[in-house]
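Undergrad: Here is how the chains run, residue by residue.
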Amino acid sequence: MNFCFYRGVLATILILALSHCSQRKPIDITDDVRDPSDHNTSIIQIAPMVPEAVQILINEAEAQIENGLVNEAILTFNRALSISPTSATVHQHLAEVYLSEGDYKAAFKWSNWVFTEGPKHGPICERARRTLALAAEMLGDVETQAMALDAIASCTQVSTPKY
Amino acid sequence: MCWYFLGCCIGLVVPWYFYIDHVTESIVNEQWDIPSVVYARPLELYQNKNISPQALMFELDALGYIQVSGTPKLGQYQKYQNSFDIYTKGFNFADGVTVPKRVKLTLSNGVVEALSPAIYRLEPKVIGHFFSAGLENRQPIRVTEIPDTMVQGLQAVEDRTFSEHHGVSWLGILRAAIKNMMAGEVIQGGSTITQQLVKNKLQYNQNSLLRKLHEAFAATLLESKLDKAAILEMYFNEIYWGQDGKVSIHGVVEAASYYFAKPVKRLNIADQALLVGIIKGPSWYNPFKQAKRALERRNLVLKTWLDTGVINQAQWQSSSQQPLGLSQHRRLRADYEDYMDVVKRQIRSQFSQSDLKQKGLKIFTFLDPYIQYKTTQTAMKTNDWLSSDVESAIVVSGAQNAELLALTGSKNGQSHYNRALLAKRQIGSLIKPLVYLAGLEQLAGFSFQSELSDSALSLKTNDGHVWQPKNWDQKSWGKITASQALIHSRNQATVGLGLKIGLDRFVQYLTQLGLNINRSHHPSLFLGAIDLTPFEVHHLYGLFSSRGKNQQVYAVNYITQSDGKLLSQSQQVRQKQPKTANIDQVNQALHAITTEGTAKKITQQFNLPQPMFGKTGTTNKGRDSWFSGFNQDLLVTVWVGRDDNQPTPYSGSSGALILWSHLFMNL
Numbered sequence: 423m424n425f426c427f428y429r430g431v432l433a434t435i436l437i438l439a440l441s442h443c444s445q446r447k448p449i450d451i452t453d454d455v456r457d458p459s460d461h462n463t464s465i466i467q468i469a470p471m472v473p474e475a476v477q478i479l480i481n482e483a484e485a486q487i488e489n490g491l492v493n494e495a496i497l498t499f500n501r502a503l504s505i506s507p508t509s510a511t512v513h514q515h516l517a518e519v520y521l522s523e524g525d526y527k528a529a530f531k532w533s534n535w536v537f538t539e540g541p542k543h544g545p546i547c548e549r550a551r552r553t554l555a556l557a558a559e560m561l562g563d564v565e566t567q568a569m570a571l572d573a574i575a576s577c578t579q580v581s582t583p584k585y
Numbered sequence: 025m026c027w028y029f030l031g032c033c034i035g036l037v038v039p040w041y042f043y044i045d046h047v048t049e050s051i052v053n054e055q056w057d058i059p060s061v062v063y064a065r066p067l068e069l070y071q072n073k074n075i076s077p078q079a080l081m082f083e084l085d086a087l088g089y090i091q092v093s094g095t096p097k098l099g100q101y102q103k104y105q106n107s108f109d110i111y112t113k114g115f116n117f118a119d120g121v122t123v124p125k126r127v128k129l130t131l132s133n134g135v136v137e138a139l140s141p142a143i144y145r146l147e148p149k150v151i152g153h154f155f156s157a158g159l160e161n162r163q164p165i166r167v168t169e170i171p172d173t174m175v176q177g178l179q180a181v182e183d184r185t186f187s188e189h190h191g192v193s194w195l196g197i198l199r200a201a202i203k204n205m206m207a208g209e210v211i212q213g214g215s216t217i218t219q220q221l222v223k224n225k226l227q228y229n230q231n232s233l234l235r236k237l238h239e240a241f242a243a244t245l246l247e248s249k250l251d252k253a254a255i256l257e258m259y260f261n262e263i264y265w266g267q268d269g270k271v272s273i274h275g276v277v278e279a280a281s282y283y284f285a286k287p288v289k290r291l292n293i294a295d296q297a298l299l300v301g302i303i304k305g306p307s308w309y310n311p312f313k314q315a316k317r318a319l320e321r322r323n324l325v326l327k328t329w330l331d332t333g334v335i336n337q338a339q340w341q342s343s344s345q346q347p348l349g350l351s352q353h354r355r356l357r358a359d360y361e362d363y364m365d366v367v368k369r370q371i372r373s374q375f376s377q378s379d380l381k382q383k384g385l386k387i388f389t390f391l392d393p394y395i396q397y398k399t400t401q402t403a404m405k406t407n408d409w410l411s412s413d414v415e416s417a418i419v420v421s422g423a424q425n426a427e428l429l430a431l432t433g434s435k436n437g438q439s440h441y442n443r444a445l446l447a448k449r450q451i452g453s454l455i456k457p458l459v460y461l462a463g464l465e466q467l468a469g470f471s472f473q474s475e476l477s478d479s480a481l482s483l484k485t486n487d488g489h490v491w492q493p494k495n496w497d498q499k500s501w502g503k504i505t506a507s508q509a510l511i512h513s514r515n516q517a518t519v520g521l522g523l524k525i526g527l528d529r530f531v532q533y534l535t536q537l538g539l540n541i542n543r544s545h546h547p548s549l550f551l552g553a554i555d556l557t558p559f560e561v562h563h564l565y566g567l568f569s570s571r572g573k574n575q576q577v578y579a580v581n582y583i584t585q586s587d588g589k590l591l592s593q594s595q596q597v598r599q600k601q602p603k604t605a606n607i608d609q610v611n612q613a614l615h616a617i618t619t620e621g622t623a624k625k626i627t628q629q630f631n632l633p634q635p636m637f638g639k640t641g642t643t644n645k646g647r648d649s650w651f652s653g654f655n656q657d658l659l660v661t662v663w664v665g666r667d668d669n670q671p672t673p674y675s676g677s678s679g680a681l682i683l684w685s686h687l688f689m690n691l
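Protein chains in written order, with our numbering: chain A, 423 to 585; chain B, 25 to 691.
Where hints are given, some of them may not hold.
Okay, derived cross-link-like pairs now, PhoX-like style, lysine-lysine, Cα gap no bigger than 20 Å in a straight line [claimed, not checked]:
1. B:603 with A:542
2. B:603 with A:527
3. B:125 with B:289
4. B:524 with B:503
5. B:484 with B:524
6. B:223 with B:249
Across the chosen pairs, the derived CB separations fall in these ranges [as the list claims (entries may be wrong)]:
7. B:532 with A:492: 36 to 44 Å
8. A:492 with B:378: 29 to 37 Å
9. B:502 with A:575: 48 to 56 Å
10. A:492 with B:473: 46 to 54 Å
11. A:575 with B:644: 53 to 61 Å
12. B:528 with A:492: 39 to 47 Å
13. B:480 with A:575: 54 to 62 Å
Just so you know, these hints were derived from the structure itself, not from any lab. Note that the coordinates shown come from a computational prediction; the quantities given were computed from them, not determined experimentally. Even for Gly, the Cβ is constructed at its ideal location relative to N, Cα and C.
Could you build all of it, start to finish, from the sequences and the hints given here?
TA: What follows is the structure in structure tokens.
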């Protein structure tokens, strides 16, 4: 009786512990994607030029996200994309919105575009690789996740030490 | 006897009461079918946007704006040289409200040079509806959203004792009867607003005494079930306001949109008076056909409003001197039917027909009215630029995004055969870029510098026949690079490459790109022996113009409920994505085709600005003439041929390319 009881308790604790291990903490775009990239120390920094109208729309969409209007923000980003269809900045914003909303396929698609077509150094470069890695992880695409994580380092060009 | 008479009365009156009660109950509980509305894309204005003065004026005209020489009021614009001052109307978009405001912009060399505010989007044009069987166009509105002058004014004209009676004005009936007797004919009706509402609902078309009794009794019962405000609201949403072709205009929202292209709350007093005035006889006072009569009626209404205190002297003076101010936007309506076919296709799997016809959904598309107009005009010129024997179809989308901007399936606006969507035709050499892309993706060591043999081939096919592909010039060039083979559209070299890839593997590759092919057992597939519609071809070339990003072109951007809540949004389906570097190699060849290959007319004859990219296609004896090409902004696919599939004198270069180039020159 006692043995059975303790076995039951042990199994329950084990399952709870394992299930906790397998649960990833919710993705926070600021903590998981943007903040680390903001500290990018590359000596080559590429900040893609954004037309004024597109920047206004990006700001508008960011405000909508802050107010919980995520669908509206996606539509606003799409307006920006209609104006500037190849803007890596807008693509990356869309990837991050979809990532935070749990649409990992869409996040993968948009961040993958920035990965292949976007800047090769600087914060946007790093954010795209972090987003791609997280989306790939959630989709169970370990190969892409590893590749994206490896590629984060390439966004930082360090200066050659002078002796 | 007395009891017999009483029994007869009860036997007639009681069933009659229950019948009328049932009728009024059904009026109270009736739910309207609200047709779904389809919108074009809103014109987005921002600094450095490419737009010509003609295109901007076209858009403003299509939206019902009126050009004025003085300071513009709502729904008007002023043009001075290349500067525009537009008083916009505003719109409730799913992502936020755009408020009406003065937008000032200056154009220079086809570009917005200065703009205040920094970005603004105009309201989108309505391009179609999904109607229920009754073909009634209606969008309901609350009575509180209708201007007070119009609500008061309606009562002043149609029923001055509306607030006092209980459905029937016996004094009004007596007054009308006396006037009619004195005139010897029916010149005045005594119906109250409630009676008119009942009449509209029940659709009586006989003027008998029994009908009048029905109407009076039902009106009295209705007043016991609804308050005055609810009756007025129902009236404004129900009443018939005219006819737009086969579609009847019901309700003040659609009437304001149809006659003035304005939301109800933006109607000025003169507009309101005209609408109230024409209720009496929408055909008789049709302002589009009987402008003088409608103007007189409007001014009579304004005078009545002045006499009854609805408006003051100053309002009367300024309103009665205004022209009718009708919108002229209606004349472009027919241009959108072919595009609407695509919209229907793309949403039919998401929404039922009944939802579309009853729930008042709002469908926002990517259609660009100006590009659609130019596309239609180009197709209509097929007879002039080519010949009257051939038909044409044209598809236009954004080159780098998946937005379908325009589509026309015929050179004749009256044709109901949408060739862009329905005509499955052999695509000829348009397949070749895909053969070379498959080579780059699937053959190790293959590049555009690889050598191919453009020489005679003799192949035994699965059905036992011998197939010997030839080049268009009946010559074989021998050893050439893959790049030269594509630029100069060499058949024998392309088949040679295709055989290296393998027919099955090529079909599999096309399937991965989203192109499903039913018949695939013959190597002539490498030369385009496959039937596709112009719309399907357009999707394939979207792959090249977007550098692999887009594989589907969408007409619908997003769909909302009637209250603006987002229901669905188009997103690219992720399929196999070719390597961008490989697409870039193919695109280099597509560019060379426009400078030195089969499409060099683009740069050498039409002098279109570079860079341009594209591929011609011609099938056996000119049965199909194709050109699909793009620059950094637009992708356009053109098909030319005969409906009976007979030969034509046109190649891709001498047929479809001509229409394509004219369209690009005129945009």
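Undergrad: Does each hint fit the structure? Answer for all of them.
TA: Okay, the hints, checked on the actual structure:
1. With a C-alpha separation of about 17 Å, the suggested pair residue 603 of chain B and residue 542 of chain A falls inside the 20 Å cut-off, and the hint holds.
2. For a cut-off of 20 Å, the pair hint linking residue 603 of chain B to residue 527 of chain A stands: about 19 Å separates their Cα positions.
3. The suggested pairing of residue 125 of chain B with residue 289 of chain B holds, with an alpha-carbon distance near 15 Å, which does not exceed 20 Å.
4. For the given pair, residue 524 of chain B sits about 16 Å from residue 503 of chain B by alpha-carbon distance, which is consistent with the 20 Å threshold.
5. For the proposed pair residue 484 of chain B and residue 524 of chain B, the alpha carbon gap of about 16 Å is at most 20 Å, so the pair holds.
6. At roughly 17 Å between alpha-carbon atoms, residue 223 of chain B and residue 249 of chain B fall within 20 Å of each other, so this suggested pair holds.
7. In this structure the supplied range 36 to 44 Å holds for residue 532 of chain B paired with residue 492 of chain A, their Cβ-Cβ distance being about 39 Å.
8. Between residue 492 of chain A and residue 378 of chain B the Cβ separation comes to about 30 Å, which falls inside the hinted range of 29 to 37 Å.
9. A C-beta distance of roughly 50 Å is found between residue 502 of chain B and residue 575 of chain A, which places it inside the suggested range of 48 to 56 Å.
10. At about 49 Å, the CB distance of residue 492 of chain A to residue 473 of chain B agrees with the hint of 46 to 54 Å.
11. For the hinted restraint 53 to 61 Å between residue 575 of chain A and residue 644 of chain B, the CB-CB distance of approximately 57 Å keeps it satisfied.
12. Distance hint for residue 528 of chain B and residue 492 of chain A: a CB-CB separation of about 45 Å, consistent with the stated range 39 to 47 Å.
13. At roughly 55 Å, the beta-carbon separation of residue 480 of chain B and residue 575 of chain A lies within the given 54 to 62 Å, and the hint holds.
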